[in-house]
Amino acid sequence: MSRRLALAVGVPFVASSAMFAACTTGDPALIAPAPVVVPVPDAGAPDADASRPVLPAPTCTMNDIPVGTGAKFCDLPGGDTPDLEVPPEFCVREFTTTPVGEARVLRFAPNGDLFVAAPSMMTPGGAVDGPGAIVILPDDDKDGRADSVITYAGPSPRNLATSCDGLEADPGNLACVHGLLFSNGYLYFTRSDEVRRFPYKTGDRAAPAAPSELVANLRGAGIPDVRWTHTLEALHDGTIYVSRGRGDSSGCTPEEMTRGAVFALHMEMNLPLPVPLDLVADGFRNPMYLRCSPSSCNECFASELTGDNWGGVGGREKVALLVKNAESWGFPCCVARDVPAPGFASQNCSGVGDELAAIPLHDTPFGLDFDRGAFPEPYRHGLFVALHGVITSFGGSGVVWLKTDPVSLRPVGPAQIFVHGFGKPTGRATDAVFAPDGRLFVADDTTGKIYWVAPRTLAAPQ
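Using our numbering, read the sequence shown as starting at 4 and increasing by one per residue.
Check before you lean on any hint, since a few could be wrong.
Cross-link-like lysine-lysine pairs, in silico, DSBU-like; alpha carbons within 35 angstroms at most [stated by the list, open to error]: (1) K145 x K75; (2) K204 x K145; (3) K327 x K406; (4) K427 x K145; (5) K75 x K427; (6) K145 x K327; (7) K406 x K145; (8) K204 x K75; (9) K406 x K75; (10) K406 x K427.
Simulated restraints on C-beta separations [said to hold, decoys possible]: (11) N273 x D228: 33 to 39 angstroms; (12) N301 x E380: 20 to 26 angstroms; (13) D281 x E92: 30 to 36 angstroms; (14) G315 x I153: 47 to 53 angstroms.
No wet-lab data here; the hints were simulated from the structure.
Even for Gly, the Cβ is constructed at its ideal location relative to N, Cα and C.
Build out the structure end to end from the sequences listed, making use of the hints.
Okay, structure coming up:
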């Protein structure tokens, strides 16, 4: 693992599951703008030294969205969602009029239509009863609520199947659909062990009649613990990143360290399909959700879900900066830099990357996205992260935000509560995505509801 450089950065504080549980009491002090933080267990924070080169932070600018001149979103008919709370300068509304089962990944099309990946296969976290489809939730009348649920592709019921194995024989089967991405005239999506795509023209609300085409094989088929819940993200130059996660492991081998990874698909090179995988970073357990900053630097980040059994040795979930060939993230051999995993005391962990933000184990960070200047200070340009929470109790589910450095626009923490009220029976947050108009949309794969949050001053485009 010493073959890779490592970043000498890290923020050891974040909102905890206990804090989210306390927030359900409705105590206004717990939703004040002032940060409420607790320490993440210390895993032995590394000391910077000459043997660990520090990658310099870049100078970046954000291309902010235009200021709207229409009606204020928070003045639209209907009241705030009673189950959820946000800071007082914001409103929170339910967008769905009909729930979308297993709403896992959100993407806005170039015309503003909201696309949702909703598998029918039971997710590793236990979500069920999705349609096995890519659906669209349009809001043509601009009233802040979805007009309908339109099936773009699918549906594909899982028909008692308990895994994605074998479903790829039918290119139209979307039981294991997950990642979504619009890029250069295509809608890309993941399913099972593949990346596929449909041609897309702005305004399309039905997939072409011709089958989707195979873009890349993710090489996880036949490996028992490799997961099907991938996501996709694009860089400014057209390169596509795709994540591949895996389960826990009791082994520590070079092969084990390559299973959880982020790969690049070099679509900008116009290679024949299917394109090969180019490794960006490995040593992950489950870097499920990816986001590339819309800033001029276009840096990319992953929400990494680490070892479930590492609670006693400083284990934590991570927001990881993806720097190609810069580091490995250590799983399953290392908890963190210089901290071997239990049972692997002799492992050299000096080259493991440092996270930009740490999140308590089992709070389970999922989708993440950056504000593009629509939110007021101190939230402006912040990174917002959906927490799926604890699998058994849903504790810790909600949305947190991290302040970003004004120069590098990298998250610097600490994470603070932004949306709370998720949990049983309300549900579990999955994706958090900013709309082109500046609102933050949040999905829930348990109730199938999708919400939006807006500053009370934010106006719609004319």
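So, going through the hints one by one against the coordinates:
1. K145 x K75: Holds. K145 to K75 sits at ~11 angstroms (cutoff 35 angstroms).
2. K204 x K145: Between K204 and K145 the Cα gap is close to 22 angstroms, so the pair holds against 35 angstroms.
3. K327 x K406: holds, 24 angstroms
4. K427 x K145: Measuring from Cα to Cα gives roughly 31 angstroms; hence the hint holds.
5. K75 x K427: holds, 32 angstroms
6. K145 x K327: violated, 41 angstroms
7. K406 x K145: Holds - the C-alpha atoms of K145 and K406 are around 31 angstroms apart, at most 35 angstroms.
8. K204 x K75: holds, 30 angstroms
9. K406 x K75: Distance ~25 angstroms between K406 and K75 Cα, so the pair holds.
10. K406 x K427: The hint holds at about 28 angstroms.
11. N273 x D228: 33 to 39 angstroms: With Cβ atoms ~34 angstroms apart, the hint holds.
12. N301 x E380: 20 to 26 angstroms: Check passed, 24 angstroms falls within 20 to 26 angstroms.
13. D281 x E92: 30 to 36 angstroms: Distance hint for D281, E92 is violated at roughly 43 angstroms.
14. G315 x I153: 47 to 53 angstroms: holds, 48 angstroms
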